[in-house]
Structure formats: C-alpha cells, structure tokens
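**Student:** Spelled out from the first residue to the last, the chains are:
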Amino acid sequence: MIIVLAHDKGGVGKTTTALNLAEILKPDIIIDQDTHNNLVILNQLRDEKDQLNVLSNLNKSELINALSKSAQGQLILVDCGGFDSELNRIAIAASDMTIVPANDDINEVVGLKRFNKTLEQISNDMGEKITGHVMFTRVHPSRKKFTDVESFINNSDNLARLQTVIPTRKWHAMAALDGYGVTNHKKTKYSDAAREVTALATEIKTRLNIK
Amino acid sequence: MVDKFSKLNSIGNNAALSEQSESDALITKKKLVSNLPVKAEERFNALKKAGKVSGSFNAYIVQATLNNLDSDENK
Ligand SMILES: Nc1ncnc2c1ncn2[C@@H]1O[C@H](COP(=O)(O)OP(=O)(O)OP(=O)(O)O)[C@@H](O)[C@H]1O
Ligand SMILES: [Mg+2]
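Here the protein sequences come in this chain order: G and V.
First residue of the first sequence? That's 1 in this note's numbering, and the numbers climb one at a time after it.
First residue of the second sequence? That's 1 in this note's numbering, and the numbers climb one at a time after it.
Keep in mind that the hints were calculated from the coordinates and are not lab data.
A couple of the hints might just be wrong.
[Stated by the list, open to error] The calculated lysine to any residue pairs, modelled on SDA-like cross-linking and capped at a C-alpha distance of 25 Å, are:
{"hint": "1", "chain 1": "V", "residue 1": "4", "chain 2": "G", "residue 2": "207"}
{"hint": "2", "chain 1": "G", "residue 1": "144", "chain 2": "G", "residue 2": "86"}
{"hint": "3", "chain 1": "G", "residue 1": "129", "chain 2": "V", "residue 2": "7"}
{"hint": "4", "chain 1": "V", "residue 1": "4", "chain 2": "G", "residue 2": "206"}
{"hint": "5", "chain 1": "G", "residue 1": "129", "chain 2": "V", "residue 2": "73"}
{"hint": "6", "chain 1": "V", "residue 1": "30", "chain 2": "G", "residue 2": "36"}
{"hint": "7", "chain 1": "G", "residue 1": "9", "chain 2": "V", "residue 2": "16"}
{"hint": "8", "chain 1": "V", "residue 1": "7", "chain 2": "G", "residue 2": "66"}
{"hint": "9", "chain 1": "V", "residue 1": "7", "chain 2": "G", "residue 2": "208"}
{"hint": "10", "chain 1": "G", "residue 1": "9", "chain 2": "V", "residue 2": "18"}
{"hint": "11", "chain 1": "G", "residue 1": "60", "chain 2": "V", "residue 2": "16"}
{"hint": "12", "chain 1": "V", "residue 1": "4", "chain 2": "G", "residue 2": "157"}
{"hint": "13", "chain 1": "V", "residue 1": "7", "chain 2": "G", "residue 2": "167"}
{"hint": "14", "chain 1": "V", "residue 1": "7", "chain 2": "G", "residue 2": "96"}
{"hint": "15", "chain 1": "G", "residue 1": "60", "chain 2": "V", "residue 2": "5"}
{"hint": "16", "chain 1": "G", "residue 1": "117", "chain 2": "V", "residue 2": "14"}
{"hint": "17", "chain 1": "G", "residue 1": "129", "chain 2": "V", "residue 2": "13"}
{"hint": "18", "chain 1": "G", "residue 1": "186", "chain 2": "G", "residue 2": "174"}
{"hint": "19", "chain 1": "G", "residue 1": "9", "chain 2": "V", "residue 2": "10"}
{"hint": "20", "chain 1": "V", "residue 1": "4", "chain 2": "G", "residue 2": "65"}
{"hint": "21", "chain 1": "G", "residue 1": "60", "chain 2": "V", "residue 2": "15"}
{"hint": "22", "chain 1": "G", "residue 1": "60", "chain 2": "G", "residue 2": "106"}
{"hint": "23", "chain 1": "G", "residue 1": "129", "chain 2": "V", "residue 2": "30"}
{"hint": "24", "chain 1": "V", "residue 1": "4", "chain 2": "G", "residue 2": "56"}
{"hint": "25", "chain 1": "G", "residue 1": "113", "chain 2": "V", "residue 2": "16"}
{"hint": "26", "chain 1": "V", "residue 1": "30", "chain 2": "G", "residue 2": "57"}
{"hint": "27", "chain 1": "V", "residue 1": "4", "chain 2": "G", "residue 2": "131"}
{"hint": "28", "chain 1": "V", "residue 1": "7", "chain 2": "G", "residue 2": "125"}
{"hint": "29", "chain 1": "G", "residue 1": "26", "chain 2": "G", "residue 2": "125"}
{"hint": "30", "chain 1": "G", "residue 1": "117", "chain 2": "V", "residue 2": "13"}
{"hint": "31", "chain 1": "G", "residue 1": "205", "chain 2": "G", "residue 2": "75"}
{"hint": "32", "chain 1": "V", "residue 1": "7", "chain 2": "G", "residue 2": "126"}
{"hint": "33", "chain 1": "V", "residue 1": "30", "chain 2": "V", "residue 2": "73"}
{"hint": "34", "chain 1": "G", "residue 1": "113", "chain 2": "V", "residue 2": "30"}
[Unchecked claim] What the simulated footprint calls covered on chain G by chain V, stretch by stretch (three residues with Cβ under 8 Å from a Cβ of chain V suffice, anywhere in the stretch; the number is not a length):
{"hint": "35", "segment": "73–85"}
{"hint": "36", "segment": "119–125"}
[What the hints assert, rightly or not] Partner residues are not named here, just some residues of chain V that face chain G (Cβ under 8 Å, in silico):
{"hint": "37", "residue": "8"}
{"hint": "38", "residue": "9"}
{"hint": "39", "residue": "18"}
Computed from a predicted model, the values in this text were never measured in an experiment.
From the three backbone atoms N, C-alpha and C, an ideal C-beta is built for every residue, glycine too.
Work out the full structure: start from the sequences and follow the hints.
**Tutor:** In structure tokens form, the structure reads like this:
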C-alpha cells in the first residue's frame, strides 16, 4: 500500500500528519520528498530505538523503485513537498490513497481548485482516476460544519472528503519538538490530539482495508 | 494490467517543476583565484553602485565562468 500526503500548497500540515500517521501505521518505508528534509530532521530528534526508515533525496528511478516495494506488501508513506513537481506527481500517481490536508477557510478553495486540476492531469497521464482525499486540519476545535468548502469538494471530480477532522492543537508542535507524533510522546499521548489522530488512522485503515 | 510502476516513468512531465538529478545539481568547493586584476573588482563595484548588477563579486565570478563554459561547449 502507498499512502501519500500531498498538496501543492505549503504549510498545510502534510509533514505533521505524516509523522502522526507513521506512529500508528508503522510504515516499512517513509519517503521524504520535501526539499527541506523535514522528516529526516525530525527523525534525528528521536531516540535510537524509535528510528523511522526515512528515505530522502531520491531521484526518479530510486523513487519508482522504492514505490514498487508496495507490490511485495510493504506499506509506504510519502510526505510530498508543498509544490507541484514531477516526483510529487509520480508519488500521487502510484498511491492507493492520497490525503490532502486543507483548512476550512474559504480561501482554501483556490488552492484546492488548482490541486484538483493537477489530480485531473495525473489521472489522464495514468489512465486511471486518482482521487485526493481532503482532510480538514488546523481548524478551530469547535468547528463542525464545513459547508462551503465541502460543497466545492462535492463538485470536484478528483476530490473527496475524509470524515475525520484534525483541529488546531498545541500538542502537535509539542510532540514534534522531540521528533514524535502526538500518540507516541509522553506529554501528548492522552491528549485530544492523540485521540483525533487515532481516529484518522482508523478511518484510513478502514478505507484501505488494512489491519 | 500494464505494470503500474513502469507507467510511472511517464508521469509528471506537465508539472510546474521537475527535480534536478544529483548529477545536474551544483556541487561546490572552495577555489582561490590568484592574480585577479584589481581593475576587475573596481569595475564590478562601479556596476553595483550604478545598480546594473546585484549580488556578490564571488557570485559574479562563478556566473561568468559558467557562461564561458556554456559558450565554449556550444562551439
Ligand atoms: N493540527 C495542528 N494543530 C496545530 N498546529 C499544526 C497542526 N498541523 C500542523 N500544524 C503546524 O503548522 C505548521 C505547518 O505544518 P506542516 O509542516 O506539517 O505543513 P506542511 O504541509 O508539511 O508544510 P510544507 O509544505 O512546508 O512541507 C507547523 O508549524 C505545524 O506544527
Ligand atoms: Mg512538510
């Protein structure tokens, strides 16, 4: 299985979500496509015994080779950079699920519109439909309805919505300071953030039919 | 099914950016230049003052070298 965090808009929460999901899904390989090697650096903060298998700076053939290990049953998690590039598109094209972290702000529609177009092009190139699963994140904790952005998603051919919402919580940055996701840090593992991330992982596992 | 992973090779040509492969990327090292004409640096400083160029003299030298290499390679 290949799970990809992607949005060609920067700073939406891809890396935070990747780290949070890595704690629960325990991927065999994590691919860091960000030019700033965010996950590589976070991994350096972790204890020796908690090291993640992070690959970075892969070129095209190395990337395709790593992705192809999913055919042997490996679980691969990819954190894309916040830009539209050839290698990010390749990861999306290969994915079993592409997750698109996004805010509920109405301005977000502009970014999603562009990303829907990108997904449409990748689908055409690949000859199969690729869907971006929009995940609302960094939203106000009391926010429950996302009517405006949701209706846009419903009208976009290449976008769907994940039901789990990840609100803005201080615990994400707190855990990341030591290189951990919220479910695996002693200060945050009993927080609302940990509960929300666990729900997200459960939704993804259910949709992909993985245990 | 056509192998999904071989198909990936043709994906992403229309992306806004394409990653540089390691071999294309500039790998740098320190290099001292001996006998640089003083006049050259003065002329650079004058151009900079006039706003015709920007950046450091060092970057200017590197760019000039790359330009020269490009033109010689295309001879
Ligand atoms: N649920 C959240 N609650 C609070 N802060 C968050 C949350 N999700 C992300 N952040 C913060 O938002 C910032 C950007 O997040 P992140 O680095 O995950 O985005 P990104 O999409 O990976 O960015 P880039 O495109 O630059 O790689 C970080 O400082 C992170 O701590
Ligand atoms: Mg990131």
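**Student:** For the pair we were handed, residue 129 (chain G) and residue 13 (chain V), check the Cα-Cα distance against 25 Å.
**Tutor:** holds (18 Å)
**Student:** Has the given pair, residue 7 (chain V) with residue 167 (chain G), been kept, meaning a C-alpha gap of at most 25 Å?
**Tutor:** violated (38 Å)
**Student:** Check whether the Cα positions of residue 7 (chain V) and residue 96 (chain G) lie no farther apart than 25 Å.
**Tutor:** Distance of about 15 Å is within 25 Å: holds.
**Student:** Grab the minimum C-beta distance from residue 9 (chain V) to chain G and call the hint holds if it beats 8 Å, violated otherwise.
**Tutor:** Cβ of residue 9 (chain V) sits 7 Å from chain G, so the hint holds.
**Student:** Does residue 7 (chain V) pair with residue 126 (chain G) here, judged by a C-alpha cut-off of 25 Å?
**Tutor:** Holds: residue 7 (chain V) and residue 126 (chain G) sit about 7 Å apart, inside 25 Å.
**Student:** Residue 113 (chain G) and residue 30 (chain V): Cα distance at most 25 Å?
**Tutor:** violated (46 Å)
**Student:** Measure nothing beyond the straight line between the CA atoms of residue 4 (chain V) and residue 157 (chain G); if it is 25 Å or shorter, mark the hint as holding.
**Tutor:** holds (22 Å)
**Student:** Are the Cα positions of residue 4 (chain V) and residue 65 (chain G) separated by 25 Å at most?
**Tutor:** With Cα atoms ~12 Å apart, residue 4 (chain V) and residue 65 (chain G) stay inside 25 Å; holds.
**Student:** Given the hinted pair residue 9 (chain G) and residue 18 (chain V), is their alpha-carbon gap at most 25 Å?
**Tutor:** The given pair, whose Cα atoms are some 16 Å apart, holds under the 25 Å limit.
**Student:** When you check the alpha-carbon spacing of residue 129 (chain G) and residue 30 (chain V), does it fall within 25 Å?
**Tutor:** violated (50 Å)
**Student:** For a C-alpha distance cap of 25 Å, please report whether residue 144 (chain G) and residue 86 (chain G) respect it.
**Tutor:** Not satisfied, since the Cα-Cα distance of roughly 36 Å exceeds 25 Å.
**Student:** Below or equal to 25 Å on CA atoms is what counts here, so check residue 7 (chain V) against residue 66 (chain G).
**Tutor:** holds (15 Å)
In terms of the numbered hints stated before, the structure departs from hints 2, 5, 13, 22, 23, 29 and 34, listed from lowest to highest.
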